[in-house]
Amino acid sequence: MKMQKLLLLSLAALTLAAPLVAGAYEGNWKRGDIYYRMVCSDCHKGQPCGPIGPNSRTRAEWTSYLDADKHAKGKEALKPYFGKAFRASIAGKNKAAAKFADVPEDELYADVQALLMRSAKDGDAPTGCR
Amino acid sequence: MFKGQWRRNFAVWLGVAMLGWVFSGVGAHAGAVNHGKFAVLKQEFKSGPEVTRACLTCHDEAAGEVMKTQHWTLSSLNPSTGQIVGKKSLVNNFCIGIASNYPDCTSCHVGYGWKDKNFDFSNQENVDCLACHDTTGTYRKPSGLAGHPVYKEMEFPPGSGQILRPVDLRKVAQNVGKTSRYTCGACHYYGGHGNGVKHGDLDASLEAPDRELDVHMDVLGLDFSCATCHRATGHKIAGSRFQMNVKRPGPRVRGMPEDSNPASCESCHGAAPHSIDTMAKIKPIPGFTKVGMAAVVNQHNNKLACQTCHIPAMARGGVPTKLLWDWSAAGKMGPDGKPMTKVDAKGHTIYDSKRGTFVVAENVVPEYVWFNGVVEYTLLGDKVKKGEGYFPINRFRGSPNDGKSRIWPVKVYRGVQPYDPVNQTLVIPNTYDDGSSGSSYFASFNWEKAVAAGMAEVGAPFSGKVDFIKTEMLWPITHMVAPKEKALACTECHSRNGSLAEGRMKKVPGLKKGPLFRLNP
Chain A
1 MKMQKLLLLS LAALTLAAPL VAGAYEGNWK RGDIYYRMVC SDCHKGQPCG
51 PIGPNSRTRA EWTSYLDADK HAKGKEALKP YFGKAFRASI AGKNKAAAKF
101 ADVPEDELYA DVQALLMRSA KDGDAPTGCR
Chain B
1001 MFKGQWRRNF AVWLGVAMLG WVFSGVGAHA GAVNHGKFAV LKQEFKSGPE
1051 VTRACLTCHD EAAGEVMKTQ HWTLSSLNPS TGQIVGKKSL VNNFCIGIAS
1101 NYPDCTSCHV GYGWKDKNFD FSNQENVDCL ACHDTTGTYR KPSGLAGHPV
1151 YKEMEFPPGS GQILRPVDLR KVAQNVGKTS RYTCGACHYY GGHGNGVKHG
1201 DLDASLEAPD RELDVHMDVL GLDFSCATCH RATGHKIAGS RFQMNVKRPG
1251 PRVRGMPEDS NPASCESCHG AAPHSIDTMA KIKPIPGFTK VGMAAVVNQH
1301 NNKLACQTCH IPAMARGGVP TKLLWDWSAA GKMGPDGKPM TKVDAKGHTI
1351 YDSKRGTFVV AENVVPEYVW FNGVVEYTLL GDKVKKGEGY FPINRFRGSP
1401 NDGKSRIWPV KVYRGVQPYD PVNQTLVIPN TYDDGSSGSS YFASFNWEKA
1451 VAAGMAEVGA PFSGKVDFIK TEMLWPITHM VAPKEKALAC TECHSRNGSL
1501 AEGRMKKVPG LKKGPLFRLN P
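Chains as they are written, first to last, in the working numbering: chain A, 1 to 130; chain B, 1001 to 1521.
Since the hints were made in silico from the structure, they are not lab data.
Computed from a prediction, not measured in an experiment: that's the story for all the values here.
You may find that some hints are simply not true.
Said to hold, decoys possible - Pairs of lysine-lysine, DSS-like flavour, derived with a Cα cap of 30 Å: (1) B:1354 / B:1087; (2) B:1171 / A:30; (3) B:1236 / A:30; (4) B:1046 / B:1236; (5) B:1486 / A:30; (6) B:1507 / B:1386; (7) A:30 / B:1178; (8) B:1068 / B:1115; (9) A:30 / B:1046; (10) B:1088 / B:1486; (11) A:95 / B:1346; (12) B:1117 / B:1383; (13) B:1088 / B:1178; (14) B:1281 / A:95; (15) B:1236 / A:99; (16) A:93 / B:1332; (17) B:1484 / A:99; (18) B:1385 / B:1290; (19) A:95 / A:121; (20) A:93 / B:1281; (21) A:121 / B:1115; (22) B:1484 / A:45; (23) A:30 / B:1152; (24) B:1171 / A:121; (25) B:1484 / A:93; (26) A:121 / B:1342; (27) A:70 / B:1346; (28) B:1046 / B:1088; (29) A:30 / B:1346; (30) B:1354 / B:1338; (31) B:1486 / A:95; (32) A:45 / A:121; (33) B:1332 / B:1385; (34) B:1283 / A:95; (35) B:1465 / B:1449; (36) B:1046 / A:121; (37) B:1178 / A:99; (38) A:121 / B:1383; (39) A:30 / B:1385.
Please take these sequences and the hints and turn them into a complete structure.
The following block contains the structure:
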């Protein structure tokens, strides 16, 4: 009887853990593209050809930038710019922020990360200014 | 008792398992196909044709269907004119023609290996499934590889220092899906050798446009893909610009038997789309009720394409379109004696030693022509005449009185291109440099050599003399539909004195002197 309970508990634990493994979120580069273009680029209007393109950095440079988690030349953290609070603060004037209001921060972060890895200077599909 | 308790416990576990499975997203493929499961797609692919061979094991009719389309043949008969049209044989005033330049141009062919005129159009394994069905966004076919993606890490172009990484064909094959704005746009946004160059209403800003740029493709709104309008049947995609349907009686609603081409506004909006409620929101003409306003505006459909009022300008997404390309200015070298480029204040190329001078612009107001859907081309071999004006590369047929035409917005694109002054024909130069022939203009900067090689490739006569001729080409504008509040106002066409002599329609034949009604008496 004890063995059976143990077996059932093990099965239940495996069952609950399985979704966490199977459902590990893979960034959606297309959604990342929208967020990058419509939210990030809304402020980062570089010169001479408009918003800073993902291909302005290599994959390693983007990875290093994301890992450092620093924004505005190190004055603040980067991750909050993917957070719900930030999106809520600009939702009135930014439709993309409003559209993605409920997307978990980690997912949105992974989306943009996926875009940058795809579209970096040495990525599979380098994407420049538009 | 024991067995009953076990069953109950097992049922609870099963319930938890199913719930967990559902919420994990594993069931996300329900109703679709997870190509990652198929053994045939789990192999290492060394080339595109190997992937196609795998695709055909299930989709055994697909390549045969593709082979009947213009995306494969790049050539078709236009029954209205009797002309053979398509990229395979036409001459334009952008990159001019594909003959002798195949490896460069055929990066936008839905096939693999069209590197010369001997390409095998009958081999199904030459069909490229991934160009249209990639969802990873990693599948790219660089110019110069004859329609192949990158298989091995390579510096490209040679000597550029730019390293191209190989495509993970297995990953792409396991993640195929519907076409998207990205897959269609990989070619159609970049026609004419650059983003937004050719069409004026198609560029990479349509990958993720807002409502201001395109009400239908707005990623935060309707979120149409290209295929929402350009619907395919048996891989044949509706909406070719070579043979347009510009006016048909009544609406063409999807699913109706006579619906042969859903890629039109009327397919969804019908022939009288301006409702009384909609018109009540705009400033009425004095003396008109809102019912009258709706009737008047709907009546315009008889003579105006929807695009005329609803696409007030092209190239509105921050990407300029090319308005002029002067090949005759090519060949000037930089101070170091090497080919150079010059860019404008926004970083757009305006001079290239290999290609000449460019004029680009954003927010371009179209010109307008009467158009009945028939486009006639100046073919290689047709006589051309050098003069003060621009010789037409194509002509949009139509008139105010044929009952078939509407006024359409067009991009008028002008060029100065090489031609044969003795035979008085357009010519195709060999521009692509494969590093071996020495005839390419990009390598030799010698027009006579380049044209001789290009014309020899198609077996066309060439006198040996090269001069330059000013040419003009029309492109129908039909994308980048603006929000209705940004549609043209009455006064942008109808002037205060009651005629169309001023404003947008002033160049449209037949409308210069026609008094209509007085907007502001």
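- Is it true that the CA of residue 1068 of chain B sits at most 30 Å from the CA of residue 1115 of chain B? holds, 20 Å
- Message: So if I understand the rule, the pair passes when the alpha-carbon distance is 30 Å or less; does residue 1484 of chain B with residue 93 of chain A pass?
- Response: holds, 21 Å
- Take the C-alpha atoms of residue 30 of chain A and residue 1385 of chain B, compute the straight-line distance between them, and say whether it is at most 30 Å. violated, 49 Å
- Take a quick look at whether residue 30 of chain A and residue 1152 of chain B sit within 30 Å of each other, Cα to Cα. Holds, at roughly 26 Å.
- Query: Given the proposed pairing of residue 1046 of chain B with residue 1088 of chain B, does the C-alpha separation stay at or below 30 Å?
  - Reply: holds, 28 Å
- Message: Need the status of pair residue 1486 of chain B, residue 30 of chain A: alpha-carbon distance at most 30 Å?
- Response: holds, 28 Å
- Decide if the proposed pair is consistent with the structure: residue 45 of chain A and residue 121 of chain A, CA atoms, cutoff 30 Å inclusive. Holds. Residue 45 of chain A to residue 121 of chain A sits at ~19 Å (cutoff 30 Å).
- Query: Going straight from one Cα to the other, do residue 121 of chain A and residue 1342 of chain B come out at no more than 30 Å?
  - Reply: At roughly 22 Å apart (the allowed maximum being 30 Å), residue 1342 of chain B and residue 121 of chain A satisfy the hint.
- For the pair we were handed, residue 30 of chain A and residue 1178 of chain B, check the Cα-Cα distance against 30 Å. holds, 14 Å
- Sort out whether residue 121 of chain A lies within 30 Å of residue 95 of chain A, counting only the CA atoms. holds, 28 Å
- Message: So if I understand the rule, the pair passes when the alpha-carbon distance is 30 Å or less; does residue 1088 of chain B with residue 1486 of chain B pass?
- Response: Given pair residue 1088 of chain B, residue 1486 of chain B is violated - Cα atoms ~39 Å apart, limit 30 Å.
- Item | Pair hint residue 1507 of chain B and residue 1386 of chain B, alpha-carbon separation not exceeding 30 Å | holds, 23 Å
Hint compliance for this structure: hints 10, 15, 16, 18, 38, 39 are not met, and every other hint is.
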